[in-house]
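Asker: If you read the protein sequences in the order shown, they are chains A and B. Quick note: the first sequence uses our numbering, first residue 1, plus one each step. Quick note: the second sequence uses our numbering, first residue 1, plus one each step.
Check before you lean on any hint, since a few could be wrong.
[What the hints assert, rightly or not] Examples of chain A residues toward chain B, derived with CB under 7 Å: (1) Pro32; (2) Gly36; (3) Arg231; (4) Val279; (5) Arg369; (6) Leu372; (7) Ala375; (8) Arg395; (9) Asp399; (10) Arg402; (11) Ala405.
Simulated from the structure, these hints should not be mistaken for laboratory data. Since the structure is predicted, the reported quantities are computational estimates derived from the model, not experimental observations. Just so it is clear, CB atoms sit at the ideal spot from N, CA and C, and this is done for glycine as well.
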Amino acid sequence: MIARGLGRSYGDPAQNAGGEVLAPLPGAIAEPAEDGTVEVSAGTSLHELMRFLLPRSRFLPVTPGTRYVTVGGALACDVHGKGHHRSGSFGDHVASFDLVLPDASLRTVTPDDGDLFWATVGGMGLTGILTSARLRTVAVESGYISATTQRLPDIDSLLAEMASSDDEFAYSVAWIDTEAGGRALGRSVLSRGDHATRAQLTGRAATEPLIVPGEPRLAVPFVPPVGLVTRATSRAFNELWFRKAPRFRSGEIQSIGAFFHPLDGVAHWNRLYGPHGVVQYQLVLPEDRDDVLRSLLAQLAGDRHPTFLAVLKRFGPGNQGWLSFPTAGWTLAVDLPVRPGLARLLDRFDEVVAAAGGRVYLAKDARLRPELLDAMYPAAARFRALRSDLDPHRRLQSDLGRRLAL
Amino acid sequence: MIDALGQPRTVLLLGGSSDIARALARAWARERAGLYVVLAARPGPGRAAAAAELAALGCEVEEVDFEATEIAAHPALVEEVAAGRDIDVAVVAFGVLGDEERAWQDHAVAVRLAEVNYVAPVSVGVCLAQRLGRQGHGVVVTLSSVAGERVRRSNFAYGASKAGMDGFYLGLGEALRGSGARVLVVRPGFVHTKMTEGRKPAPLAVSADEVADAVVRAVAEGDDLIWVPRAMRGVMSGLRHVPRALFRRLPL
Chain A
1 MIARGLGRSY
11 GDPAQNAGGE
21 VLAPLPGAIA
31 EPAEDGTVEV
41 SAGTSLHELM
51 RFLLPRSRFL
61 PVTPGTRYVT
71 VGGALACDVH
81 GKGHHRSGSF
91 GDHVASFDLV
101 LPDASLRTVT
111 PDDGDLFWAT
121 VGGMGLTGIL
131 TSARLRTVAV
141 ESGYISATTQ
151 RLPDIDSLLA
161 EMASSDDEFA
171 YSVAWIDTEA
181 GGRALGRSVL
191 SRGDHATRAQ
201 LTGRAATEPL
211 IVPGEPRLAV
221 PFVPPVGLVT
231 RATSRAFNEL
241 WFRKAPRFRS
251 GEIQSIGAFF
261 HPLDGVAHWN
271 RLYGPHGVVQ
281 YQLVLPEDRD
291 DVLRSLLAQL
301 AGDRHPTFLA
311 VLKRFGPGNQ
321 GWLSFPTAGW
331 TLAVDLPVRP
341 GLARLLDRFD
351 EVVAAAGGRV
361 YLAKDARLRP
371 ELLDAMYPAA
381 ARFRALRSDL
391 DPHRRLQSDL
401 GRRLAL
Chain B
1 MIDALGQPRT
11 VLLLGGSSDI
21 ARALARAWAR
31 ERAGLYVVLA
41 ARPGPGRAAA
51 AAELAALGCE
61 VEEVDFEATE
71 IAAHPALVEE
81 VAAGRDIDVA
91 VVAFGVLGDE
101 ERAWQDHAVA
111 VRLAEVNYVA
121 PVSVGVCLAQ
131 RLGRQGHGVV
141 VTLSSVAGER
151 VRRSNFAYGA
161 SKAGMDGFYL
171 GLGEALRGSG
181 ARVLVVRPGF
191 VHTKMTEGRK
201 PAPLAVSADE
211 VADAVVRAVA
221 EGDDLIWVPR
231 AMRGVMSGLR
241 HVPRALFRRL
251 PL
């Protein structure tokens with residue numbers, strides 16, 4: 001069996017061919033403790049949790065690109081957000097969690113427990129079933145972000161800007177136009193920000209500073225018979241996105257939803273990719289291997305694959321999670337509609353990334369070749385050994401675990 | 001596991017020296033390096049050539065002796081192949097055509113044709129269904145024929161054997177629903193291969209590579225029944241309903 005949260009992972013960690021998949025129980029949240037920690041059930045979504053915390057002037061230190069993930073899923077994937085360079089990933093803010101081990105015993109695990117804690121953080125649900133967690137929260141004055149947006153003409157200026165001044169902002173991420181090549185390679189819109197203070201708010205925002213994110217307003221009602229993400233539409237979209245962004249604008253007040261979770265505004269957006277679907281490819285490269293990053297971007301721009309959404313972020317140092325994805329350096333995430341030839345392209349990318357000392361993100365992977373896993377994740381062998389001890393009969397299984405022989 | 005892009009990692013080819021089986025392995029190998037191919041076929045130059053060709057494409061190749069009519073050996077063969085690794089795709093690609101007139105007049109020829117084209121597919125089908133059902137994923141691809149869809153006078157022994165195996169595998173696919181394992185029945189028209197060499201091609205004839213491309217797509221899409229070329233579906237659907245008196249007069 002394998003536990004599943006809200007099923008937002010792009011990959012197959014919560015799929016289990018021929019086996020059982022456990023659906024999450026409804027969320028349950030206790031009042032925050034004196035020290036700012038909050039005890040929540042593993043099935044609580046970050047959406048519910050944020051709506052609970054914001055009126056109490058608290059916020060999560062790490063939020064991924066969607067609120068529709070569960071605490072259990074976020075912990076098992078050790079998700080990251082726009083603030084990784086300053087505040088690390090989800091597992092860095094977990095005080096403890098309750099885990100049902102494969103032998104059906106319940107354990108409360110803290111970072112002091114060492115191996116089991118750091119094998120479970122990022123362990124893709126293969127060490128046990130998470131039932132609850134105690135999370136640290138941070139104090140905020142409002143539910144708004146003071147955002148700074150700037151347009152950058154090419155990859156050189158983008159990397160220089162991020163390397164020199166990311167640390168001045170709590171949050172930072174760049175959207176890259178992967179369709180642009182040549183001198184415009186890596187042209188991008190860099191979006192950074194900090195939690196807005198009460199004093200920064202004006203107008204309606206000032207009267208309701210602790211606004212909570214709402215439900216999606218729009219939805220894609222059905223899967224169109226053909227994917228709508230083609231070379232032509234993605235070129236047009238990328239061009240438009242770049243042009244509509246301001247050259248430089250700072251101090252713009254944006255809601256938490258608009259800043260962190262723009263896609264949450266449209267339910268079932270993934271249907272736009274049509275019946276063949278989409279894979280997201282996310283890699284990280286050491287900070288000094290920007291040469292590889294440039295070469296991969298040039299290949300994407302030169303390739304016939306349309307790419308709608310590509311984001312670049314500079315990670316801070318990683319944590320001790322055995323299979324945790326983030327490590328210091330550049331992380332690039334690209335949405336690629338499934339088309340013939342994609343397997344070859346991404347296999348080639350995997351090899352380049354592994355050779356450069358980088359890795360791909362397991363939470364988004366559904367196609368990596370197992371041969372490359374150990375090169376990307378040196379602790380994979382330890383992880384397998386721990387699983388053999390904890391789960392000799394392999395009661396916990398997932399398609400990801402099977403595919404990558406974890 | 002078949003991954004998100006529809007790519008298998010391990011492929012078992014029963015009748016691995018056949019032209020369609022080889023074309024299929026080539027098609028998967030082109031998409032992705034490191035494909036593991038088990039060539040189950042009669043030992044000999046045909047299998048050796050297939051193995052060499054696939055190794056040159058970057059496949060890891062294992063050769064296994066397989067004789068369609070040695071029914072008793074099939075269960076052990078499937079278990080041995082699957083002992084070390086899950087089977088993502090198993091292809092039932094063996095079959096005989098032979099001389100159509102001898103196939104109903106020569107007792108030995110007729111019985112052998114029925115054994116190779118019907119009894120043996122049932123035998124491996126049962127073994128594969130058990131194994132894939134247990135592992136909870138994987139696809140059994142079987143090469144049926146449009147000849148089985150409406151059996152005609154000119155090759156009825158062959159057509160009847162294909163009709164039988166086609167029905168068996170469609171039913172097997174239904175029986176496996178919910179287990180995670182699937183069955184894909186492929187109904188090609190006339191295919192230019194060793195088996196049809198020297199025969200006059202029928203209309204809508206295709207190459208082994210065209211059949212392979214269609215199967216690769218169908219496995220990725222999760223289809224359970226395809227015709228190659230696609231237009232054959234309409235043609236056969238029409239022919240199925242032609243009255244016998246008229247059908248007899250058609251130059252088929």
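Asker: Taking the hints in turn, state whether each one holds.
Answerer: Outcome of the hint check:
About 39 Å separates the beta-carbon of Pro32 of chain A from the nearest beta-carbon of chain B, more than 7 Å, and the hint is not met. Annotation: Gly36 of chain A was flagged as interfacial toward chain B, and the flag is violated, the nearest CB pair being 39 Å apart, outside 7 Å. Nearest Cβ of chain B to the Cβ of Arg231 of chain A: about 19 Å, over the 7 Å cut. The hint is violated. Because the closest C-beta pair between Val279 of chain A and chain B is about 6 Å apart, less than 7 Å, the hint holds.
For Arg369 of chain A, the interface hint holds, the least distance from its beta-carbon to any beta-carbon of chain B being 6 Å, beneath 7 Å. About 10 Å separates the beta-carbon of Leu372 of chain A from the nearest beta-carbon of chain B, more than 7 Å, and the hint is not met. Given the 7 Å rule on beta carbons, the hint for Ala375 of chain A is violated: about 14 Å separates it from the nearest Cβ of chain B. With its C-beta approaching chain B no nearer than about 14 Å, Arg395 of chain A sits outside the 7 Å limit, and its interface hint is violated.
Hint on Asp399 of chain A holds. Least Cβ distance to chain B is approximately 6 Å, under the 7 Å limit. Interface restraint check: Arg402 of chain A against chain B, minimum CB-CB distance 5 Å, threshold 7 Å, status holds. Of the supplied interface hints, the one on Ala405 of chain A is violated, with its beta-carbon coming no nearer than about 10 Å to a beta-carbon of chain B, more than 7 Å.
Of the hints listed earlier, those the structure fails to meet are numbers 1, 2, 3, 6, 7, 8 and 11, in rising order.
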